[in-house]
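*Asks:* Generate the whole structure from the sequences, applying the supplied hints.
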Amino acid sequence: MILDVAPLADGILKGDLRSISRGITIIEDQNTYIAGRDLIRRVYPHTGKAKIIGITGPPGVGKSTIIGNLAKILTDQGYKVGVVAIDASSPFSKGSFLGNRIRMQDKLHNSGIYMRSLSARGASGGLTSCIWDTIHILDAAGFDRIIVETVGAGQADVDILEVAHTVLVVLAPGLGDQIQAVKAGMMEIGNIFVVNKMDREGSYFAVRDIEESLMLTPQGEWKSPVIGLESLKVEGYDALVDAMEKHVEFVSRSQSVAKERFMAEIRAALRYDLSYRISKLTDSGLQNLTNLEMKMEKHVDPYTVAEEIAGKVLDTKDS
Amino acid sequence: MFSEKPVKILLAKPGIDGHDRGMFVLAKAFRDAGMDVLYAGLLPKPEEIVETAINEDVDVVALSLLNGAHLVAFKKVSDLMKSKGIDDIAIVGGGTIPDEDKTKLEKLGITGNYGPGTPLKTIIEHIQSRAEEARKKKIGES
Numbered sequence: 001m002i003l004d005v006a007p008l009a010d011g012i013l014k015g016d017l018r019s020i021s022r023g024i025t026i027i028e029d030q031n032t033y034i035a036g037r038d039l040i041r042r043v044y045p046h047t048g049k050a051k052i053i054g055i056t057g058p059p060g061v062g063k064s065t066i067i068g069n070l071a072k073i074l075t076d077q078g079y080k081v082g083v084v085a086i087d088a089s090s091p092f093s094k095g096s097f098l099g100n101r102i103r104m105q106d107k108l109h110n111s112g113i114y115m116r117s118l119s120a121r122g123a124s125g126g127l128t129s130c131i132w133d134t135i136h137i138l139d140a141a142g143f144d145r146i147i148v149e150t151v152g153a154g155q156a157d158v159d160i161l162e163v164a165h166t167v168l169v170v171l172a173p174g175l176g177d178q179i180q181a182v183k184a185g186m187m188e189i190g191n192i193f194v195v196n197k198m199d200r201e202g203s204y205f206a207v208r209d210i211e212e213s214l215m216l217t218p219q220g221e222w223k224s225p226v227i228g229l230e231s232l233k234v235e236g237y238d239a240l241v242d243a244m245e246k247h248v249e250f251v252s253r254s255q256s257v258a259k260e261r262f263m264a265e266i267r268a269a270l271r272y273d274l275s276y277r278i279s280k281l282t283d284s285g286l287q288n289l290t291n292l293e294m295k296m297e298k299h300v301d302p303y304t305v306a307e308e309i310a311g312k313v314l315d316t317k318d319s
Numbered sequence: 320m321f322s323e324k325p326v327k328i329l330l331a332k333p334g335i336d337g338h339d340r341g342m343f344v345l346a347k348a349f350r351d352a353g354m355d356v357l358y359a360g361l362l363p364k365p366e367e368i369v370e371t372a373i374n375e376d377v378d379v380v381a382l383s384l385l386n387g388a389h390l391v392a393f394k395k396v397s398d399l400m401k402s403k404g405i406d407d408i409a410i411v412g413g414g415t416i417p418d419e420d421k422t423k424l425e426k427l428g429i430t431g432n433y434g435p436g437t438p439l440k441t442i443i444e445h446i447q448s449r450a451e452e453a454r455k456k457k458i459g460e461s
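If you're matching them up, the sequences are chains F and H in order.
The opening position of the first sequence corresponds to residue 1 in this note's numbering, with each subsequent residue numbered one higher.
The opening position of the second sequence corresponds to residue 320 in this note's numbering, with each subsequent residue numbered one higher.
It is possible that part of the hints are untrue.
Claimed, not checked - Calculated pairs, DSS-like style, for lysine-lysine (alpha carbon to alpha carbon, straight line, at most 25 angstroms):
1. F:Lys72 - H:Lys364
2. F:Lys107 - H:Lys403
3. F:Lys280 - H:Lys403
4. F:Lys107 - H:Lys364
5. F:Lys80 - H:Lys440
6. F:Lys49 - F:Lys259
7. H:Lys440 - F:Lys94
8. F:Lys14 - H:Lys403
As the list claims (entries may be wrong) - Which chain F residues face chain H? A few, computed with CB under 8 angstroms, are given here:
9. Leu3
10. Lys14
11. Leu17
12. Ile24
13. Glu28
14. Asp29
15. Asn31
16. Ser90
17. Ser93
18. Gly95
19. Ser96
20. Ser117
21. Ser119
Everything labelled a hint here was simulated from the structure, so no lab data went into it.
All values reported here derive from a predicted model rather than from experimental measurement.
Backbone N, C-alpha and C define an ideal beta-carbon position, used for all residues, glycine too.
*Replies:* This is the structure:
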């Protein structure tokens with residue numbers, strides 16, 4: 001059965017939560033690649049309005065808690081806020097425990113904030129392969145601020161740079177040498193730096209450390225601010241929201257950012273398209289494999305067999 | 320590279336019941352069985368559970384109570400889902416549930432209803448079969 005995505009696309013454009021949820025399920029499931037692709041084609045003309053805010057940082061610094069607070073504040077300001085949180089998946093079972101929701105759910109209920117947890121499903125870089133499509137669906141549904149939380153594995157979470165308009169790097173006091181350690185990766189990707197848990201000992205040293213290491217990093221036209229937060233008391237958020245708005249305005253003026261993001265979208269789609277074709281060709285090639293027993297008896301090496309199959313499937317493709 | 324989306328399950332205790340050790344045992348077992356697992360945290364309202372189930376588009380909602388309120392609280396969740404016209408998210412139950420209540424719950428479509436000592440394998444297999452039903456309703460049989 002080919003899934004009819006037209007009613008789903010209509011539902012998404014109207015902002016219907018169940019349609020949005022179902023749409024994300026379809027693009028998440030690689031078995032429904034065709035339906036997912038058609039769905040994105042239908043909603044894409046209605047995208048481009050949302051600003052994507054990426055939140056990254058080492059584990060345990062309070063990323064999820066900050067998102068809960070931030071989503072609430074932005075909602076109160078009149079924005080329609082969507083949250084996408086990505087969790088690590090087990091390399092053995094492929095399963096995952098999607099735990100980000102627990103830390104923000106008090107703020108979510110009855111607030112109009114849509115939140116979705118996604119498993120990284122083995123993708124490196126701190127995001128998941130369907131992140132662009134998830135953002136497109138939320139964007140088309142009218143969410144104008146979309147917050148994306150990365151896995152939080154530290155230095156490796158750099159893919160957010162391509163996806164987000166504004167990247168918040170969250171750190172906390174007491175990380176000490178870790179700040180040194182993240183310098184190479186994270187200090188380069190942050191547009192705004194946040195030190196959470198300002199009530200803790202050493203918080204002002206942490207702010208100073210980051211400011212100093214930023215001075216050593218070559219910066220462009222945008223000077224990344226360092227903002228202290230005390231999230232349990234919801235303190236310091238005015239400065240954060242202010243800095244975010246300034247950065248959004250800064251990015252909106254930049255033509256190169258829009259172009260880079262479009263390139264990244266194409267790259268993700270092309271990868272997905274090619275891997276879909278490869279998996280199709282692999283399946284059909286193996287199905288038409290002949291003389292398996294003979295090849296086994298003759299002890300033919302697998303590359304020779306693979307080459308033979310590849311020759312055939314690519315031939316039939318051309319004709 | 321090309322893989323099926325794993326079973327997505329929401330674990331929740333829809334009442335005043337803080338006994339969540341069992342939930343963590345199950346959460347880990349389900350993850351190790353390859354599922355995407357969500358836990359609703361302590362003391363969620365039935366409305367919150369349903370809202371989360373919709374937003375996350377889970378395949379299965381697994382409810383647990385050890386306080387004896389299962390007939391009321393599980394039913395509330397099931398009623399809310401029905402009132403929203405949701406028939407493609409399966410509900411399973413568990414906890415300290417007397418045998419005579421199990422048939423009542425089954426009539427509401429809440430299956431499983433396993434008690435203490437049930438082998439994890441039994442629970443996992445039940446959830447996988449219910450999830451498969453739900454998934455077929457969601458995206459159609461291919």
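*Asks:* Would the stated hint for Ser96 of chain F survive a check requiring a Cβ distance to chain H of less than 8 angstroms?
*Replies:* 5 angstroms, holds
*Asks:* Holds or violated: is there a CB of chain H closer than 8 angstroms to the CB of Lys14 of chain F?
*Replies:* 15 angstroms, violated
*Asks:* Would the stated hint for Asp29 of chain F survive a check requiring a Cβ distance to chain H of less than 8 angstroms?
*Replies:* Since the shortest Cβ distance to chain H is 4 angstroms, the answer is holds.
*Asks:* Under 8 angstroms is the threshold here; is the Cβ of Leu3 of chain F close enough to any Cβ of chain H for the hint to stand?
*Replies:* 5 angstroms, holds
*Asks:* May I ask you to test the interface hint for Leu17 of chain F with respect to chain H, counting a Cβ-Cβ separation under 8 angstroms as satisfied?
*Replies:* 6 angstroms, holds
*Asks:* Verify the proposed pairing of Lys49 of chain F with Lys259 of chain F, using a straight-line Cα cut of 25 angstroms.
*Replies:* Between Lys49 of chain F and Lys259 of chain F the Cα gap is close to 15 angstroms, so the pair holds against 25 angstroms.
*Asks:* Would the hint on Ser93 of chain F be counted as holding, given a Cβ-Cβ threshold of 8 angstroms to chain H?
*Replies:* 5 angstroms, holds
*Asks:* Assess, step by step, whether the Cα of Lys80 of chain F is no farther than 25 angstroms from the Cα of Lys440 of chain H, and give holds or violated.
*Replies:* Status violated; Cα separation ~43 angstroms.
*Asks:* For the pair we were handed, Lys72 of chain F and Lys364 of chain H, check the Cα-Cα distance against 25 angstroms.
*Replies:* Satisfied, since the Cα-Cα distance of roughly 20 angstroms is no more than 25 angstroms.
*Asks:* Holds or violated: the hint that Gly95 of chain F contacts chain H, with Cβ atoms closer than 8 angstroms.
*Replies:* Status holds, d = 4 angstroms.
*Asks:* Answer holds if the nearest beta-carbon of chain H is closer than 8 angstroms to that of Glu28 of chain F; otherwise answer violated.
*Replies:* 5 angstroms, holds
*Asks:* When you check the alpha-carbon spacing of Lys107 of chain F and Lys364 of chain H, does it fall within 25 angstroms?
*Replies:* Holds, because 14 angstroms separates the two Cα atoms, which is no more than 25 angstroms.
The structure fails to meet hints 3, 5 and 10 from the earlier list, while all remaining hints are met.
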